[in-house]
Amino acid sequence: MNEKKIRIKSAINKFFEELSRKKTKHSKSKNQKEPDISFRVRSGNLSIPGETRTPTAEQMITSHGYRSESHTVITADGYMITMHRVLPSYEVIRPRVVILHHGLFGSSDDWLLLGEQKALPYVLTDNGYDVWLLNARGNKYSKMHTRTGPVMMDFWDFSWHEIGVYDLPATITYISEITRQAELNFIGHSMGATALLVLLSTLPEYNYVLRSGILLSPLVFMYHAKGPLRMLANFYRTNGHSSLNFLGQTEFMYSEFPEQIIEKYCKGNRKTSCQNPLLLLGNGGQECTDPVLMSRILAHVPAGGSVKTLMHYVQLAKSGYFQKFDYEASNNLKIYKNVTPPLYNFRSMTLPMAMFSSPSDWLATVADIQTLLPLLQEVSIHHVVKAENFGHFDFVWSPDAPELVFHFILSILDNTIPKRDAYAET
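For the sequence shown, the residue numbers in the numbering used here are 1439 to 1864.
Derived by calculation from the structure, the hints in this document are not laboratory data.
A portion of the hints provided could be inaccurate.
[Said to hold, decoys possible] In silico BS3-like cross-links for lysine-lysine, where the CA-CA straight-line distance does not exceed 30 Å:
id	residue 1	residue 2
1	Lys-1581	Lys-1762
2	Lys-1556	Lys-1578
3	Lys-1556	Lys-1824
4	Lys-1824	Lys-1756
5	Lys-1756	Lys-1772
6	Lys-1664	Lys-1762
7	Lys-1772	Lys-1762
8	Lys-1664	Lys-1578
[What the hints assert, rightly or not] What follows is a set of in silico ranges between Cβ atoms, one per label pair, in the way DEER data are often shown:
id	residue 1	residue 2	range
9	Gly-1503	Gly-1678	50 to 58 Å
10	Asp-1838	Leu-1771	46 to 54 Å
11	Arg-1785	Glu-1615	27 to 35 Å
12	Arg-1785	Ala-1620	22 to 30 Å
13	Gly-1566	Glu-1615	20 to 28 Å
14	Pro-1780	Thr-1500	39 to 47 Å
15	Ile-1531	Asn-1769	47 to 55 Å
16	Tyr-1774	Gly-1587	22 to 30 Å
17	Ser-1786	Glu-1529	33 to 41 Å
18	Glu-1529	Arg-1785	39 to 47 Å
19	Ala-1514	Met-1691	25 to 33 Å
20	Arg-1585	Pro-1837	37 to 45 Å
21	Asp-1852	Ser-1786	26 to 34 Å
Glycine included, every Cβ here is placed at the ideal spot set by N, Cα and C.
Please model the complete structure; the sequences and the hints are all you need to start from.
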């Protein structure tokens, strides 16, 4: 460990020593529960694959027997976003375009893990679609910038808001120009769905650029989120904005995830899957029953992202609102001209949409989905996956996803999403 890391680790440890000595009682509402522990920062790294992961998305696509292209676009604020294109396996005249955006700390790899004929990009490509896989700023494929870089703190000053406001307009416009298609279909999982709604609210003209939007386990309202995210939100609510500074202010690091969360949700299980922070957030570290698929998931997940992105979700879980990043009252006044962050405008979201959710999802819970549905007037299809233990990330890589999710997605894309009066929950 270099001298800089030692100083950072020492400062974090000192912070928690002071916190434990000065801890005071806080008044709480009946619904507010103070965590029974103070988070400790673990030393060392998890025994999970490092930054250099193989195969890459392009290698996976070609090894699965499909044609692949890699494209890069520069956003208005200078981030270089990489896109992976999966071309139809047979000649199609002007194939319809589908854009896929991964979830929290994910990458285009996530969509490919089920392999040939099973993964969603291949299901779509086999049916004649031109598929584009996006990579959010800060993940392993999009870590370049025209003026700064990942070693600089300002590179990581973004959340899913910037992904929606900058990444999506740049990539959607580029794809439209390359494919010469006027209408594009968008599928967003988790954070990808969040970013889409940010785009439609902030830049409503994109409601007319896109043909349809499909939201898989959308993270929007999160007041009822369960598990580790709820622990972080409760700690944040009780101890204030700076209480989660131990997570850092740059890239989300595996080793900074609080060990109390590991202890609470892993219950002594020290398997790598349980210690993976992304799997912990999504389903408490529950393993896939297929060991080969599980090892594949662990080799590619997580793929990188900013602490601020996670913090923005923690804020949603604390507040119960779908709003911009909360910098606290004094800074909010400077940035937003108001002491509280602005809410995103649901009335601007007029794109025809379909939504997929599951009662077993820890992050996009039933209660929060029920809050969201009436506000999205153009969601005409709500498909509920009722399979037991079908969690947040199962929408992308569960072995059952082709039957429970992808089949319905294909049916939706093959037909125009009906208007609201045809709403049906299945």
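Cross-check of the supplied hints:
Annotation: proposed proximity of Lys-1581 to Lys-1762 holds, straight-line Cα distance about 24 Å (limit 30 Å). Between Lys-1556 and Lys-1578 the CA atoms are separated by roughly 24 Å; this keeps the pair inside 30 Å, and the hint holds. Simply put, Lys-1556 and Lys-1824 have alpha-carbon atoms about 20 Å apart, close enough for the 30 Å limit, and the pair holds. With a CA separation close to 27 Å, the supplied pair Lys-1824 and Lys-1756 stays within the 30 Å bound.
In summary, the hint linking Lys-1756 to Lys-1772 is supported, as the alpha carbons are separated by about 22 Å, within the 30 Å threshold. Proximity of Lys-1664 to Lys-1762 is assessed by CA-CA distance (about 22 Å); at most 30 Å being required, the pair is judged to hold. Pair hint Lys-1772 plus Lys-1762 holds up; C-alpha atoms about 14 Å apart against a cutoff of 30 Å. Note on Lys-1664 and Lys-1578: the hinted pairing holds, with a Cα-Cα distance of about 28 Å set against a maximum of 30 Å.
Restraint check, Gly-1503 to Gly-1678: a C-beta distance of roughly 53 Å satisfies the suggested window 50 to 58 Å. Under the hint 46 to 54 Å, the C-beta atoms of Asp-1838 and Leu-1771, about 49 Å apart, fit the expected range. Between Arg-1785 and Glu-1615 the C-beta distance comes to about 29 Å, which sits within the given range of 27 to 35 Å. Between Arg-1785 and Ala-1620 the C-beta distance comes to about 25 Å, which sits within the given range of 22 to 30 Å.
Checked against the hint of 20 to 28 Å, the pair Gly-1566 and Glu-1615 passes, with Cβ atoms roughly 21 Å apart. Taking the beta carbon of each, Pro-1780 and Thr-1500 are about 44 Å apart, inside 39 to 47 Å as hinted. For Ile-1531 paired with Asn-1769, a C-beta distance near 53 Å keeps the hint of 47 to 55 Å intact. Between Tyr-1774 and Gly-1587 the beta carbon distance is about 29 Å. The supplied range of 22 to 30 Å therefore holds.
A C-beta distance of roughly 39 Å is found between Ser-1786 and Glu-1529, which places it inside the suggested range of 33 to 41 Å. A hinted range of 39 to 47 Å holds for the C-beta pair Glu-1529 and Arg-1785, which are about 43 Å apart. Between Ala-1514 and Met-1691 the beta carbons are some 28 Å apart, a value that agrees with the proposed interval 25 to 33 Å. For the pair Arg-1585 and Pro-1837, the beta carbons lie near 43 Å from each other, so the given range of 37 to 45 Å is met.
The hint said 26 to 34 Å for the Cβ distance between Asp-1852 and Ser-1786, and at roughly 28 Å that hint holds.
The structure meets every hint from the earlier list without exception.
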